[in-house]
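Given next are the chains, with one letter for each unit.
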Amino acid sequence: MNAVRPDVRLEAAPMQPVACTTCEAEVLARKSSWDQSTLQWDATALERCIERRTTPARSERPNRNAFAGCAALRASIREAAVRGELDVQSDDPLRTNPEAIHD
Amino acid sequence: MTSNDQVRRIEVDAGPRRFARGWHCLGLARDLADGKPHQINAFGQKLVVFSGEDGQLNVLDAYCRHMGGDLSQGEVKGNEIACPFHDWRWGGDGRCKQIPYARRVPLRARTAAWPTMVQDGMVFVWNDPEGNPPPADVTIPRIPQVEDDRWTDWIWYETVIEGANCREIVDNVVDMAHFFYIHYSFPTYFKNVFEGTSAYQYMNGDGREDVRPPRPSKSNPAVLGTTSVAAYHGPSFMIDEVTYHYEDLDVDTILINCHYPVDENSFVLQYGIIVEKKDGISDEEADLMATKTGAFIKYGFEQDVAIWKNKARIDNPLLCEEDGPVYQLRRWYQQFYVDAADVSAEMTDRFEFEIDTTRPNEAWRAEVEQNLAARRS
Numbered sequence: 000m001n002a003v004r005p006d007v008r009l010e011a012a013p014m015q016p017v018a019c020t021t022c023e024a025e026v027l028a029r030k031s032s033w034d035q036s037t038l039q040w041d042a043t044a045l046e047r048c049i050e051r052r053t054t055p056a057r058s059e060r061p062n063r064n065a066f067a068g069c070a071a072l073r074a075s076i077r078e079a080a081v082r083g084e085l086d087v088q089s090d091d092p093l094r095t096n097p098e099a100i101h102d
Numbered sequence: 000m001t002s003n004d005q006v007r008r009i010e011v012d013a014g015p016r017r018f019a020r021g022w023h024c025l026g027l028a029r030d031l032a033d034g035k036p037h038q039i040n041a042f043g044q045k046l047v048v049f050s051g052e053d054g055q056l057n058v059l060d061a062y063c064r065h066m067g068g069d070l071s072q073g074e075v076k077g078n079e080i081a082c083p084f085h086d087w088r089w090g091g092d093g094r095c096k097q098i099p100y101a102r103r104v105p106l107r108a109r110t111a112a113w114p115t116m117v118q119d120g121m122v123f124v125w126n127d128p129e130g131n132p133p134p135a136d137v138t139i140p141r142i143p144q145v146e147d148d149r150w151t152d153w154i155w156y157e158t159v160i161e162g163a164n165c166r167e168i169v170d171n172v173v174d175m176a177h178f179f180y181i182h183y184s185f186p187t188y189f190k191n192v193f194e195g196t197s198a199y200q201y202m203n204g205d206g207r208e209d210v211r212p213p214r215p216s217k218s219n220p221a222v223l224g225t226t227s228v229a230a231y232h233g234p235s236f237m238i239d240e241v242t243y244h245y246e247d248l249d250v251d252t253i254l255i256n257c258h259y260p261v262d263e264n265s266f267v268l269q270y271g272i273i274v275e276k277k278d279g280i281s282d283e284e285a286d287l288m289a290t291k292t293g294a295f296i297k298y299g300f301e302q303d304v305a306i307w308k309n310k311a312r313i314d315n316p317l318l319c320e321e322d323g324p325v326y327q328l329r330r331w332y333q334q335f336y337v338d339a340a341d342v343s344a345e346m347t348d349r350f351e352f353e354i355d356t357t358r359p360n361e362a363w364r365a366e367v368e369q370n371l372a373a374r375r376s
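Residue numbers (numbering that gives the first Met the number 0), protein chains in the order written: chain A, 0 to 102; chain B, 0 to 376.
Hints listed in this document are in silico derivations from the structure and should not be mistaken for laboratory results.
Fair warning: this is a prediction, and the values are worked out from it, not measured in the lab.
Check each hint, because a few of them may be wrong.
[Said to hold, decoys possible] Not everything, but these chain B residues come out facing chain A in the computed CB check (under 8 Å):
(1) Val6
(2) Val192
(3) Val228
(4) Glu353
Every residue gets a Cβ at the ideal spot worked out from N, C-alpha and C, and that includes glycine.
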């Protein structure tokens with residue numbers, strides 16, 4: 000079997016580094032839209048992640064003890080996208096609630 | 000005709016020349032440990048599975064090292080499998096224990112014994128092209144619900160898929176859109192996580208009004224939605240925990256979706272179901288539910304098979320942004336096809352991919368509406 004090819008979608012828009020604002024773990028991220036995200040961790044980032052270390056594994060179900068994802072990192076990636084540091088491929092504007100009270 | 004330089008070419012790499020390293024489920028112990036030899040065609044070979052008087056399940060190469068007789072056509076005698084050709088007796092450790100008509104067993108009378116494991120009612124065999132034993136940390140998660148009286152017994156199906164490589168079924172774990180088009184689901188949330196030897200799929204779905212019974216009843220209730228956490232543990236064994244949401248209750252099920260390769264172009268697909276007998280659900284209702292779920296899944300796989308049999312192998316799939324991480328899944332899957340020493344960090348490092356379901360859901364809602372309108376007219 001040959002080496003696996005890179006994702007065709009990365010040709011036009013590659014992964015970009017993003018650091019978690021909580022633990023400073025650095026991952027590679029990509030967003031094709033506000034609600035899509037691709038995340039590549041490495042061993043160093045995984046060791047840094049606080050949620051990963053502190054999420055208790057207590058389920059009796061075989062698949063439910065896996066770490067589904069870090070909320071702090073998710074928020075950091077979103078913030079990076081809002082600040083324009085992480086590209087969002089789609090042109091759609093960030094959906095906001097127009098009724099929300101702004102300070 | 001479009002000129003050649005405008006056409007995207009389908010590219011096909013050479014398929015793997017080996018079979019995946021890992022634990023493969025061969026079926027249920029209740030079926031395989033019945034004191035009879037069972038023939039299993041797997042990993043390009045013929046194997047024999049048998050259990051002797053000691054109850055131990057063994058997997059050996061089926062061909063007798065004497066004159067090539069097929070042990071799977073033989074008979075279990077004591078703790079050994081006897082060849083139908085000359086009655087040579089082979090133990091579960093692969094050694095010839097006895098030749099009834101000979102004074103002694105010749106030197107090197109040893110055949111391949113495959114590492115086996117019986118867990119939660121299922122029989123697993125370890126395949127490693129390098130011939131190494133299973134590492135202690137490469138395991139299949141326990142499913143404590145199997146032993147629990149509040150859950151039904153396994154309902155188990157087996158089907159042979161000819162004309163397709165088993166990579167096709169593994170690809171499904173990232174393929175959100177096919178769940179709508181092939182399996183009558185309506186995914187509203189879809190995320191994959193790959194890490195180490197596991198590949199997870201988190202999927203929530205709405206019930207589809209266009210495939211629901213027109214008049215739901217107590218015996219045929221409408222599924223409002225599903226919550227599912229599925230994961231491959233190793234190259235071939237998937238556990239899927241699915242909760243079906245009905246109007247007045249939730250029903251928890253655990254599905255197994257597993258396979259073993261027969262050769263490069265065929266595989267045996269097996270799937271099993273257990274259902275939780277919640278308060279207010281009788282044993283009969285739970286069994287019926289398991290049977291019905293099984294029938295629905297069987298139908299789903301038949302739809303998959305029709306696609307696989309006719310499709311092309313494709314190593315350069317053209318993806319849109321609403322597709323899942325096919326390339327990264329295959330990168331993860333590659334770890335099972337290279338020598339253990341060649342497994343690289345990029346194959347096993349944690350990777351997450353969450354699909355934005357907004358646009359797919361708009362399109363699918365419209366399609367469901369059209370189907371309902373067609374049904375009414």
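To see whether the hints hold, each was checked on the structure:
no.: 1; hint: Val6; result: violated, 16 Å
no.: 2; hint: Val192; result: holds, 7 Å
no.: 3; hint: Val228; result: holds, 5 Å
no.: 4; hint: Glu353; result: holds, 5 Å
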